[in-house]
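Colleague: Generate the whole structure from the sequences, applying the supplied hints.
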Amino acid sequence: MTNRKLSMPGHVSDLVHMSLTRMGLDPFKGDDMITCPLMYEDGTELSIVFMCVPKRRWFWEATALLVSLVQMDHETKAVTVYSRDTIDCPTEPYDWHFTMLLPHVVRAIARRHAVEGGMGECVDLPRPTR
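Each residue of the sequence shown is one higher than the last, beginning at 3 in our numbering.
Note that these hints are calculated values from the structure, not bench results. Predicted model only: the values in this text are computed from it and were never measured. We treat Cβ as the ideally placed atom computed from N, Cα and C, and that holds for glycine. Any given hint might turn out to be false.
Unchecked claim - Now the in silico label distances, taken between C-beta atoms and shown as ranges:
(1) GLY26 to PHE61: 38 to 44 Å
(2) GLY122 to ARG24: 23 to 29 Å
(3) MET74 to ARG109: 19 to 25 Å
(4) VAL81 to ARG114: 18 to 24 Å
(5) TRP62 to THR82: 30 to 36 Å
(6) TRP62 to GLU94: 17 to 23 Å
(7) PRO11 to PRO39: 34 to 40 Å
(8) GLN73 to ARG109: 17 to 23 Å
(9) ASP44 to LYS7: 16 to 22 Å
(10) ASP75 to GLU43: 29 to 35 Å
(11) GLY26 to GLU118: 20 to 26 Å
(12) LYS79 to MET25: 22 to 28 Å
(13) ARG58 to PRO95: 23 to 29 Å
(14) SER85 to GLU43: 16 to 22 Å
Modeller: Put into structure tokens, the structure is as follows:
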């Protein structure tokens, strides 16, 4: 896998934005990426960044969605990357599997870092129902 970013197709951007909005988050669409701030209990603000990258196998290349948890400076440049995960990009504009998977991936990344970093729960994410 390389860090070369690809342009994000419109339907991928729309599905990511819709999923984050339904979670109660406030995503920001950039040129080729979507960012969303996450606030933790201790006052730390991190961002979750979505961008398309190539996923290479032996003889083919596909597009994957890179989901990163980063700390950004005031110029929106990544200072520290805490987590990098990839998921398959949706192939069609109405990919229900993707819209069900993405909120679980975001919650897992945010909660995993909250536990490992010792900064408390992510206040922007809704608490799980029991």
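Colleague: Each hint should be assessed against the structure and marked as holding or not.
Modeller: Do the hints match the structure? See the list:
1. GLY26 to PHE61: 38 to 44 Å: holds, 42 Å
2. GLY122 to ARG24: 23 to 29 Å: holds, 24 Å
3. MET74 to ARG109: 19 to 25 Å: holds, 20 Å
4. VAL81 to ARG114: 18 to 24 Å: The hint (18 to 24 Å, Cβ to Cβ) holds, given that VAL81 and ARG114 are roughly 19 Å apart.
5. TRP62 to THR82: 30 to 36 Å: At 33 Å between Cβs, range holds.
6. TRP62 to GLU94: 17 to 23 Å: Since TRP62 and GLU94 have Cβ atoms about 19 Å apart, the given range 17 to 23 Å holds.
7. PRO11 to PRO39: 34 to 40 Å: violated, 24 Å
8. GLN73 to ARG109: 17 to 23 Å: At roughly 19 Å between Cβ atoms, ARG109 and GLN73 fall inside 17 to 23 Å, so the hint holds.
9. ASP44 to LYS7: 16 to 22 Å: At 31 Å between Cβs, range violated.
10. ASP75 to GLU43: 29 to 35 Å: Given a distance of about 22 Å, which is not inside 29 to 35 Å, the answer is violated.
11. GLY26 to GLU118: 20 to 26 Å: About 24 Å separates the Cβ atoms of GLY26 and GLU118, which means 20 to 26 Å holds.
12. LYS79 to MET25: 22 to 28 Å: Holds, since LYS79 and MET25 (Cβ atoms, about 25 Å apart) stay within the stated range.
13. ARG58 to PRO95: 23 to 29 Å: holds, 25 Å
14. SER85 to GLU43: 16 to 22 Å: Roughly 18 Å apart at Cβ, these two residues keep to the hinted range, so it holds.
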